[in-house]
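> So you can see what is in the structure, the chains are spelled out below.
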Amino acid sequence: MLRIEDLSVTLNDDSERQLLQRVSVHVESGEIVGLVGESGSGKSTTAKAAMGLFPEGSVTSGRVWAADDDVLQMDAAGLHALRTRTAAMVFQDPRTTLNPVRTVGDFLTEQLRQRGWKKAEARRRMVELLDAVNVSKPELRMNQYPHELSGGMLQRVVIAAALAIEPQLILADEPTSALDVSTQAEIMALLDHLRHEHQFAMLFITHDLHLAAASCDRVYVMYAGEVVEEQPGVRLFEGAQHPYTRALLAAAPDLHGHSELKPVTDESGGSRR
Amino acid sequence: MSVLEIAGLHKTFEDRGRLRGGHRTRTVAVNDVSFTVDAGESVGIVGESGSGKTTVARMLVGLELQDQGTISVNGHQLARSQSSRARLKRAKDIQLVFQDPYSTLDPRLTPLECVDAALKLFSDSSRKNRLARARELLDQVGLGARESGLRPRQLSGGQRQRVAIARALAAEPAVLVMDEPVAALDVSIQAQILRLLDSIRRESGTAYVFISHDLAVVREITDRALVMHRGRVVEAGVTADLLAQPNHPYTRLLLASVPVPGWDPAEVSRLRAEVLSTEMVSAR
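Top line first, the protein sequences correspond to chains A and B.
Just so you know, the first sequence maps onto residues 1 to 273 in this note's numbering.
Just so you know, the second sequence maps onto residues 1 to 284 in this note's numbering.
Source of the hints: derived by calculation from the structure; they are not laboratory data.
Backbone N, C-alpha and C define an ideal beta-carbon position, used for all residues, glycine too.
Fair warning: there could be bad hints in the mix.
If you want a taste of the chain A side facing chain B, the calculated C-beta under 10 Å gives, among others [said to hold, decoys possible]: (1) L53; (2) E56; (3) G57; (4) V59; (5) T60; (6) V127; (7) L129; (8) D131; (9) N134; (10) V181; (11) S182; (12) T183; (13) A189; (14) S215; (15) V234; (16) F237.
Per label pair, the in silico range of CB-to-CB distance [unchecked claim]: (17) N143(A) with S123(B): 53 to 61 Å; (18) D93(A) with E14(B): 37 to 45 Å; (19) T27(B) with D93(A): 20 to 28 Å; (20) D264(B) with N143(A): 30 to 38 Å.
Go ahead and model the full structure; you've got the sequences and the hints to work with.
This is the structure in C-alpha cells:
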C-alpha cells in the first residue's frame, strides 16, 4: 500500500542539510508499521513524503509509491486525489486539526460535501461514523464546538473524519501522545479494531518504544535521517541489532525497573544534547 | 521524621460559566488529600488529567491557596497567604520544577545569570560568592561554562530543564516538587535527567514530590506513590508493591494502559466500566 525506496531529501539552501538518507519503508494492506526515533530523526518527514509533501526547496531522489501510484510523478490533481481519497493523516494534537469557531459537524461533513454528498446524507453518515468510533451522543456532538469536547473525544472525531474518505492508508503522527495513558490505550484499541474491519494500512509514528513494540506488526527505528533497524514489534526489545536502537531501549524505563536508564552516548551513535 | 506533612487538603474551583449560559459550576479539584514525605524520600503522585495532581503541586508552592487543610514543612505550618513575604518564605522550603522549563526561564538571562538571580533572593552573600555558588550548582546539573553563558533559546529542552533544576536548588529547599519534569523530553534525555535527579537526592538529601502520569518513570524515581483520581487519593503505598499488586480498580486501569508485550488495550475499557461502578457505589 505504501512503498518508499531509497528516499533521500536534502535542503536546497546554504546548509544543504540531508533530512533523509536512502530511507526504505513499506506498509502492506491491513498492516500497522511503526516508525520510531527521537526528535529530528526524520519520522515525520518520511510520513509527509508519503503524501507528496516535502520541505520547500528540497531536492529529493528515490521512489515513493502509494497504492501503486508514483507519488513523485503526480500532478496537482493526482496529489489532491492522494490526499483526499487514498490516504488520511491523523496528527498529535486534534485541537490544531479542528477549526475552533466551527462545529464538529461542519468539520466532519466538509469532505463529503466537497465530494457532492447532500448535507443531510453527509450528516447521517458522520453520525454513524462517530458512533463507530465510540463517541457518546453523536447527534449532540455534531452541534458542539471543539472546546466542549475532551482531547480523547476530539481525537476520535479526527479518526472518524479520516474514515469518512475510506482511505487505504492512514498516516498517524503521534496520534496518542497528547492524550492521557488510559485514553491512549482506548484509542489504540479503536485503531486496532477499525484496521481489522476496514483493512487499511497504517504507518504509526511514535517516540514511545514500548507502545511501538506492543502495537506494531513491524517497527523501523530512525536515527539522523536514516533507518537503522527493522524488527517485528514483538522482537524489538530482544532482537535489536543496531547500537543506537539498543541504547534507546536501554534508556526507556519500564514497569519492572529493568531499564538501566543509560543515557544515549556518542559511542552508541546518539548525539549529546 | 517527616519533612513535609499535608493534612486534609481541599480545593474547589468555581467556573463563571460565561460559555454555559451564565450559570456557575463548581469543580472539586482536590478532595481530602493527606500524605507525608520523609527527609530524603521521593514520593510520587500518579494520575491523569483532572485527577487534581497539578493542583496539589500548585498548592504546595503557594500558587493556589487551599480552601481547607494544612501544609507543614519540618513541623512548621505554612502561612495560608500569597503576600510576597509569605511566598519568599515558602520558596525557601519548597521549590517547583515545571514540565516545560522554556516558559519559566527569562529569555534574556543566561543560566549563570538566572541561577545568580535566584541566589540573590535567598542569601546576602557577595556577588563573587554568589557567582561561584551558581557555577557550582550549574556544574552539579551537568552544565559547563560554555552552556552557562548561552540564552535559553540556544539551549536544548534537556539543558533548559537542567537550568530549572539548578535554579530550584539555589534555594536549598527541603522539598523539590516536580510536575511532569521529563514528559516533554526525548527518551535518552529523559534518562539523563532521571539519573541526575537520583544523584542530587543522594548527595543533598532533598525530598522529592514527583508528579507524573508515567508509571514506568515513577517506578524509577520514587520510593512511595499515591494514585489520584478525580481529586481523591484512591491508593497509596511503596511504589514497587503498588505496581506489582494494585488494589483499587483505577490503579489497575492505569497499569493496564501501559504498553507491554502481549498488550490488550481493549482491557482498559472494561476496567473503566469497573471504576465507574465503584464510584457509583461509593457515591450512594
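> A separate judgement is required for each hint: does it hold in the structure or not?
Hint-by-hint comparison with the structure:
1. L53: violated (24 Å)
2. E56: violated (23 Å)
3. G57: With a closest approach of 25 Å, the G57(A) hint is violated.
4. V59: violated (28 Å)
5. T60: violated (27 Å)
6. V127: violated (21 Å)
7. L129: violated (19 Å)
8. D131: With a minimum Cβ separation of about 15 Å from chain B (threshold 10 Å), the hint on D131(A) is violated.
9. N134: holds (8 Å)
10. V181: holds (4 Å)
11. S182: Because about 4 Å separates S182(A) from the closest Cβ in chain B, which is inside the 10 Å limit, the hint holds.
12. T183: With Cβ-Cβ at 8 Å, under 10 Å, it holds.
13. A189: Because about 4 Å separates A189(A) from the closest Cβ in chain B, which is inside the 10 Å limit, the hint holds.
14. S215: With Cβ-Cβ at 6 Å, under 10 Å, it holds.
15. V234: holds (6 Å)
16. F237: holds (8 Å)
17. N143(A) with S123(B): 53 to 61 Å: Holds: the Cβ-Cβ distance is about 59 Å, inside 53 to 61 Å.
18. D93(A) with E14(B): 37 to 45 Å: Between D93(A) and E14(B), where Cβ atoms are some 28 Å apart, the hint is violated.
19. T27(B) with D93(A): 20 to 28 Å: holds (24 Å)
20. D264(B) with N143(A): 30 to 38 Å: The hinted range 30 to 38 Å holds for D264(B) and N143(A), with Cβ atoms some 35 Å apart.
Checked against the numbered hints listed earlier, the structure breaks hints 1, 2, 3, 4, 5, 6, 7, 8, 18; every other hint is satisfied.
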